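With the sequences and hints as input, model every part of the structure.
Just so you know, the protein sequences line up as chains A, B and C, in that order.
Just remember that the working numbering sits 1 ahead of the position in the first sequence, which is counted from 1.
Just remember that the working numbering sits 1 ahead of the position in the second sequence, which is counted from 1.
Just remember that the working numbering sits 1 ahead of the position in the third sequence, which is counted from 1.
Among the hints, erroneous ones may be present.
Computed cross-link-like contacts, SDA-like style, restricted to lysine to any residue with a CA-CA straight-line distance of at most 25 Å [said to hold, decoys possible]:
(1) C:Lys114 - B:Lys129
(2) C:Lys284 - B:Leu277
(3) A:Lys297 - A:Met266
(4) B:Lys325 - C:Asn322
(5) B:Lys194 - C:Asp151
(6) C:Lys284 - B:Pro98
(7) C:Lys260 - A:Glu332
(8) A:Lys194 - B:Phe13
(9) A:Lys263 - A:Asp151
(10) B:Lys263 - B:Glu227
(11) C:Lys46 - C:Ile31
(12) C:Lys325 - A:His276
(13) A:Lys263 - A:Lys315
(14) C:Lys293 - C:Asp222
(15) B:Lys343 - C:Glu332
(16) B:Lys284 - A:His276
(17) B:Lys335 - A:Arg321
(18) A:Lys315 - C:Ile330
(19) A:Lys297 - B:Val224
(20) A:Lys114 - A:Val165
(21) B:Lys129 - B:Pro96
(22) B:Lys284 - B:Thr300
(23) C:Lys343 - C:Ser328
(24) B:Lys129 - B:Pro98
(25) A:Lys293 - C:Lys325
(26) B:Lys282 - B:Val193
(27) B:Lys325 - B:Leu340
(28) B:Lys129 - B:Asp205
(29) B:Lys325 - A:Asp151
(30) C:Lys194 - A:Glu132
(31) A:Lys293 - B:Asp50
(32) A:Lys194 - A:Gln145
Restraint-style ranges between C-beta atoms, simulated for each label pair [to be verified]:
(33) C:Ser115 - B:Ser294: 45 to 51 Å
(34) B:His276 - A:Glu309: 21 to 27 Å
(35) A:Glu332 - B:Ser53: 53 to 59 Å
(36) C:Arg321 - A:Ser311: 23 to 29 Å
(37) B:Ser53 - A:Arg12: 37 to 43 Å
Keep in mind the hints are simulated off the structure, nothing from the lab.
None of these values were measured; they are calculated from a predicted model.
Just so you know, even glycine gets a beta-carbon here, dropped at the ideal spot from N, CA and C.
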Amino acid sequence: MACTLSDFASRFGGELLGDAGLEITGVAPIERAGAHEIAFVSQAKYLRDVESTQAGALILPPEGRDRTERPRIITTNPYLYFARVSALLNPEPRPEPGIHATATVHAEASVPKSASIGPGAVIGRGVKIGERCAIGPNCVIGEQVTIGDDCLFHASVTIYPNCVLGSRVILHGGCVIGSDGFGLANDQGRWVKIPQVGRVLIGDDVEVGAGTTIDRGALDDTVIEEGVKLDNLIQVAHNVHIGAHTAIAACTGIAGSAKIGKYCMIGGAAMIHGHLEIADKVKISANTLITKSLTKPGTYTSALPFNEHSEWLKNAVHLRNLDKMVSRIKELEKRISELEGKKQP
Amino acid sequence: MACTLSDFASRFGGELLGDAGLEITGVAPIERAGAHEIAFVSQAKYLRDVESTQAGALILPPEGRDRTERPRIITTNPYLYFARVSALLNPEPRPEPGIHATATVHAEASVPKSASIGPGAVIGRGVKIGERCAIGPNCVIGEQVTIGDDCLFHASVTIYPNCVLGSRVILHGGCVIGSDGFGLANDQGRWVKIPQVGRVLIGDDVEVGAGTTIDRGALDDTVIEEGVKLDNLIQVAHNVHIGAHTAIAACTGIAGSAKIGKYCMIGGAAMIHGHLEIADKVKISANTLITKSLTKPGTYTSALPFNEHSEWLKNAVHLRNLDKMVSRIKELEKRISELEGKKQP
Amino acid sequence: MACTLSDFASRFGGELLGDAGLEITGVAPIERAGAHEIAFVSQAKYLRDVESTQAGALILPPEGRDRTERPRIITTNPYLYFARVSALLNPEPRPEPGIHATATVHAEASVPKSASIGPGAVIGRGVKIGERCAIGPNCVIGEQVTIGDDCLFHASVTIYPNCVLGSRVILHGGCVIGSDGFGLANDQGRWVKIPQVGRVLIGDDVEVGAGTTIDRGALDDTVIEEGVKLDNLIQVAHNVHIGAHTAIAACTGIAGSAKIGKYCMIGGAAMIHGHLEIADKVKISANTLITKSLTKPGTYTSALPFNEHSEWLKNAVHLRNLDKMVSRIKELEKRISELEGKKQP
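Okay, structure coming up:
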């Protein structure tokens, strides 16, 4: 696929300087982009790379306007512009429509002609698949699942019965949607399973990473609103609610019934306790444990800084004895006050 | 499926008050339960919800006995009672017995007529599957695996050769049982793989969550005793031993040869070091790292509390300098003692 | 399979004492090894086990040379010697060559006669598979993937298009290679996906654990060099580079563009931030968060020690108030200096 710079400018805006008819065939990092590739600089501080690049064209912030003679597009958000250009040049390849001979599609499932069902995929009774969906090889879609249009499921995705997905949902390899929540009642030491009769509801434009698991609700549903982006190996427990356009990095765990706001950003390996509420636009740092509700936007952190092991060993002892340290400080304060008292009169 | 309140009482006990013949078709949360649904209140402090509910019937603790005129069952453990009622009303759907045409079952595997083998499932040589088992679509059961009766494996479960599973075991989508432990010897910097010749033994009534991985033993076996419940995305390393009726929440990792007692409860994202022993009935908080043996019951915790990021930044510096803080306190104690010494004589 | 002790000595060296013709059929732990099994003692401090063992033969360190009359091999690295002996006695079973009738192999894929393609496996267009590879049941290999010789993929492995793997690579059940990195640009709150056009390159002799996910690069490639060993449920983000012969334990997460050196050892549940560099031969303790580059070898740690919950509760308050503690200490230092000043003159 090839486009000219003027194709980009007419679609995505920006100020185009230099040869508008230059053909661009791909994107590349600025340090190795060639004569028919386009590169970008996201921030002014990286503009020095502009001098040595061999890129055919550049996407630059306003500060870069006059730093080069190369064909270039000036925009206030080069990274976003680059995302759009790259998406245009690298359309997600879609398999040919049709049901592969080795797929198992239930007679009472609804699969439009525009959809593609990969080898070994299993489509259960009552499933409704939207237009132009691509269901990857060896995916398993449980009974009565409803899927919107233009979804892309990579290989070996599992969806349990009755879940509902919107349009343009991307599911990556091995992710599991709708597994039973971890609901157990205790009977004198033995666990009794509580049927998980809720569903998972996933909005439009959601992306779910490889190996991520999203449990169905116990009674009510687990809800992932539109535009949510989940990275790999994330655990979403039953009855979690994730607000629209929230992005969550890999290895994060969200416990049952947590309600996360819209437009939040959650770093990798964060852990969110259950039955709490997180406001819109909250940022949570990587490796941070959230143990209670966050009622206002802001950035929250609890990561323990690392040390050389020998230093850490010395500090670790004290970590377990902070309360004693505080007692010693109190005692000192008392003794000093006494000394001061004795002196001053 | 519908049951009357007297069906419940005759099966599960409790004191039934009101219309014993009322037909109940489902369970629901108390705030949205309808005329033919049953809801529950687990603890006295939530009894206010009883006033506004539209539920056809209620499961209540003794304190709730006289808080409503609605048909109700009084029991000391409403949550457990609810679990039993819900299981009766929501029996796990099981596929029809039989081997799907697209499954691959080795000629020397043993599959009873009462069992169901889903589309695309692969059953290896010498496998023995128990009565009424349901093996989900695209599951892969390695050679010589033995499986008890009434097991339910969801889609795309993998079991490596020679593992042994009890009866009524539930395995969720994408979990992996019997993968090689991480056993390596070092030869001048290069790693040499140590064959993992042990198995995984899983007892009756065990449930394993989606994406969870349980490694086979190196020489001896990895053992998951009866009634153990494992949530999603848990890693169980080689030669771990988990005692009966222990429940472990998602994202937890258990390192090699750890021995965990019976009736333990382990919170999400806990990490258990290897080659240690944890007593029966221990509780480990979420996000807690256990680095040495725990010889007596109790609750153990190591989670770092979160802060607003700006506050955390200030504290984080000190976390790396606790040893210096203690030195400063010691020095103060010495100086104060000197001052006191000089004063008193 | 059976070997004599002299078979071992002629292949792997060491000093053989006792009956060189003794037939050994397997390896076993020293406490339950029988007359035709060989056991090992890795360190002198465990040599007491030699007295009570029933093992047919032993692999011992030099200090154990005269602690028993049993047939034995003396070597400076018994654990490595044992690894080699066990690998000889327990060769990884390989399925018969050939393409299973239920596999889907694209007409333009290249599969040598010596390779085995398991039931339900899907091999995409342009895939090149090396000699003697075993592709497990229900694996999905995307278009244009290249795989070296003698690789072993267990069940339900997913490889996305265009990835390149070396020889003797072992992939465990459910792992996902080449999924999209988590690359997103923000457009007034909404996320715009950045196409991930890089690949995953995996060197010779790499092993990847069950459920582990390795994302493809955004523009450049994600690189796993030769001899790297990854345990289960590890997340490797886009453009990560892991140096040769580094071993990483389970549940670890590595954020985008982190560059990890050769011969590193990383403990379980470690988290490595993105865009940093870790020197060769670094050791990172379990549960440790690495937030900046490590320029020299050494062991680094940040794990918070656990406590009984009631003790932890007391300490946790102080953890959030360290900055105030330091202020109190400073204040004390000032007051004491004043007292000392007043006294001494």
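For each hint, the structure was consulted:
Between Lys114 (chain C) and Lys129 (chain B) the CA atoms are separated by roughly 31 Å; this puts the pair beyond 25 Å, and the hint is violated. The suggested pairing of Lys284 (chain C) with Leu277 (chain B) holds, with an alpha-carbon distance near 22 Å, which does not exceed 25 Å. Proximity of Lys297 (chain A) to Met266 (chain A) is assessed by CA-CA distance (about 14 Å); at most 25 Å being required, the pair is judged to hold. Pair hint Lys325 (chain B) plus Asn322 (chain C) holds up; C-alpha atoms about 16 Å apart against a cutoff of 25 Å.
In summary, the hint linking Lys194 (chain B) to Asp151 (chain C) is supported, as the alpha carbons are separated by about 15 Å, within the 25 Å threshold. Restraint check for Lys284 (chain C) and Pro98 (chain B): not satisfied, since their Cα atoms lie roughly 53 Å apart, outside the 25 Å limit. A distance of roughly 49 Å separates the Cα atoms of Lys260 (chain C) and Glu332 (chain A); the hinted pair therefore is violated under the 25 Å criterion. For the given pair, Lys194 (chain A) sits about 15 Å from Phe13 (chain B) by alpha-carbon distance, which is consistent with the 25 Å threshold.
A hinted pair counts as satisfied when its Cα atoms are at most 25 Å apart, and Lys263 (chain A) with Asp151 (chain A) qualifies at roughly 24 Å. The suggested pairing of Lys263 (chain B) with Glu227 (chain B) holds, with an alpha-carbon distance near 10 Å, which does not exceed 25 Å. Distance check on the hinted pair: Lys46 (chain C) and Ile31 (chain C) sit about 14 Å apart at the alpha-carbon level, within 25 Å; holds. Restraint check for Lys325 (chain C) and His276 (chain A): not satisfied, since their Cα atoms lie roughly 31 Å apart, outside the 25 Å limit.
Taking the CA atoms of Lys263 (chain A) and Lys315 (chain A), the gap is about 42 Å. The hint is violated against a cut of 25 Å. Straight-line distance between C-alpha atoms of Lys293 (chain C) and Asp222 (chain C) comes to about 22 Å, which keeps the hinted pair within the 25 Å bound. In summary, the hint linking Lys343 (chain B) to Glu332 (chain C) is supported, as the alpha carbons are separated by about 22 Å, within the 25 Å threshold. At roughly 20 Å between alpha-carbon atoms, Lys284 (chain B) and His276 (chain A) fall within 25 Å of each other, so this suggested pair holds.
At most 25 Å may separate the alpha-carbon atoms for a hinted pair to count; Lys335 (chain B) and Arg321 (chain A) meet this at roughly 23 Å. Taking the CA atoms of Lys315 (chain A) and Ile330 (chain C), the gap is near 19 Å; set against the 25 Å cutoff, the hint holds. Between Lys297 (chain A) and Val224 (chain B), the direct Cα distance comes to roughly 46 Å. Violation of the 25 Å bound is thereby established for this hinted pair. Proposed proximity of Lys114 (chain A) and Val165 (chain A) is supported: the alpha carbons are some 21 Å apart, at most 25 Å.
Using a Cα cut-off of 25 Å, the hinted pair Lys129 (chain B) and Pro96 (chain B) holds, with the two alpha carbons roughly 19 Å apart. Taken as a hint, the Lys284 (chain B) and Thr300 (chain B) pair is honoured in the structure, with Cα atoms around 5 Å apart against an allowance of 25 Å. Our distance criterion of 25 Å between C-alpha atoms is met by Lys343 (chain C) and Ser328 (chain C), whose separation comes to about 23 Å. For the given pair, Lys129 (chain B) sits about 16 Å from Pro98 (chain B) by alpha-carbon distance, which is consistent with the 25 Å threshold.
For a cut-off of 25 Å, the pair hint linking Lys293 (chain A) to Lys325 (chain C) stands: about 22 Å separates their Cα positions. A threshold of 25 Å between alpha carbons decides the hint, and for Lys282 (chain B) with Val193 (chain B) the separation of about 38 Å lies outside it, so the pair is violated. A hinted pair counts as satisfied when its Cα atoms are at most 25 Å apart, and Lys325 (chain B) with Leu340 (chain B) qualifies at roughly 22 Å. With a C-alpha separation of about 16 Å, the suggested pair Lys129 (chain B) and Asp205 (chain B) falls inside the 25 Å cut-off, and the hint holds.
Taking the CA atoms of Lys325 (chain B) and Asp151 (chain A), the gap is near 60 Å; set against the 25 Å cutoff, the hint is violated. A threshold of 25 Å between alpha carbons decides the hint, and for Lys194 (chain C) with Glu132 (chain A) the separation of about 21 Å falls inside it, so the pair holds. For the proposed pair Lys293 (chain A) and Asp50 (chain B), the alpha carbon gap of about 24 Å is at most 25 Å, so the pair holds. Taking the CA atoms of Lys194 (chain A) and Gln145 (chain A), the gap is about 23 Å. The hint holds against a cut of 25 Å.
Checking the proposed 45 to 51 Å range against Ser115 (chain C) and Ser294 (chain B) shows it holds: the Cβ atoms sit about 49 Å from each other. As the Cβ distance of His276 (chain B) to Glu309 (chain A) is approximately 24 Å, the hint placing it in 21 to 27 Å holds. At roughly 54 Å, the beta-carbon separation of Glu332 (chain A) and Ser53 (chain B) lies within the given 53 to 59 Å, and the hint holds. Separation of Arg321 (chain C) from Ser311 (chain A) is about 26 Å and conforms to the stated range, judged on CB atoms against 23 to 29 Å.
The supplied range of 37 to 43 Å is broken by Ser53 (chain B) and Arg12 (chain A), whose beta-carbon atoms lie about 54 Å from each other.
In summary, the structure is inconsistent with hints 1, 6, 7, 12, 13, 19, 26, 29, 37 from the numbered list given earlier, while agreeing with the others.
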